[in-house]
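Number of protein chains: 2
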Amino acid sequence: MDQFMQVAYQEALKGLREGGIPIGSVLVIDGQIIGRGHNQRVQQGSAILHAEMAAFEDAGRLKPQEYQRAVLYTTLSPCDMCSGATLLYKIPHVVIGENITFTGNEDALRSRGVRVEVLNEPACIRMMENFICENPALWYEDIGEDEKVPGC
Amino acid sequence: MDQFMQVAYQEALKGLREGGIPIGSVLVIDGQIIGRGHNQRVQQGSAILHAEMAAFEDAGRLKPQEYQRAVLYTTLSPCDMCSGATLLYKIPHVVIGENITFTGNEDALRSRGVRVEVLNEPACIRMMENFICENPALWYEDIGEDEKVPGC
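So the sequence lines, in the order shown, correspond to chains A and B. Start counting the first sequence at 2; every next residue gets the next number (the working numbering). Start counting the second sequence at 2; every next residue gets the next number (the working numbering).
Be a bit skeptical, because a hint or two may be false.
It does not matter which identical chain is meant; a pair holds if it fits inside one copy or across any two.
[Said to hold, decoys possible] Mimicking BS3-like on lysine-lysine, the simulated pairs with C-alpha atoms at most 25 Å apart in a straight line are:
#1 K149 with K91
#2 K64 with K91
#3 K64 with K149
FYI, nobody ran anything at the bench for these hints, they're computed from the structure.
All chains, please: the whole structure from these sequences, using the hints.
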């Protein structure tokens, strides 16, 4: 697995061990990790700290020019909110662990010129498949959708 | 001024008094305020707590069905990130104090069926005009844009 996706995946595992939703993210500038985080819906009762948002927040206040040479790694395809944050800060490159269990607003990213790479790592897919199967209410709350019966 | 926009405006003024960026927001469900907040870039060194995000966070974890009958009030047109959060949670109605000093991604909201009302309240416009004029670096950092010389 790509070295930065590996760190994002470790963040997701940390979230899982905490009883949270296993999605992790890392923000990289010039080959250095400057922000990392995982979904905090359960841990902090947060409606906005998806993994990508947690990574942006961990990085702190950056200059526009810094964001404009960053790469965002996330274990799962970024939702409307996280894609929106990526567009706000003009992040030029997003690497996605998988978009099989959930496909976010990749179209919006691509339409605004963001380079979107989808790895579809088996470990990322398996982690989310298992989580959604076991925690459908929590998962659908996280993506703002009415609960469905997962196909598992 | 609309009663809920008045509360959002008071949140913005609170932010201004704290030395922050004067943008406020309120989330309303069934005629009750369930979340409120103002931009926290300066106060908390936050890259993600725009006013609307602060209001979502203040509201805490809600059910998808609750968001789906909410109204989001914001003193300024919502950026890509805040529009994205609005779309994630399927908020059906957004009321905007003004979109003269900054126009966010209202097109994305409308294209996904969100009812967008723009009030263009003189008090909201004046507050942002003055702020941008006096704090261009901070303002452009908040919207992820290279600093420009404001026309004032």
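Hint check:
Proximity of K149 and K91 under a CA criterion of 25 Å is satisfied inter-copy only: 16 Å between copies versus 34 Å inside one chain copy. Within a single copy, K64 and K91 get their C-alpha atoms as close as 11 Å, which meets the 25 Å cut-off; across copies the closest is 31 Å, which misses it. Taking identical chains as interchangeable, the C-alpha atoms of K64 and K149 lie at most 25 Å apart only when they sit on different chains, with a minimum of 14 Å there against 41 Å within one chain.
Hint compliance for this structure: every hint is met.
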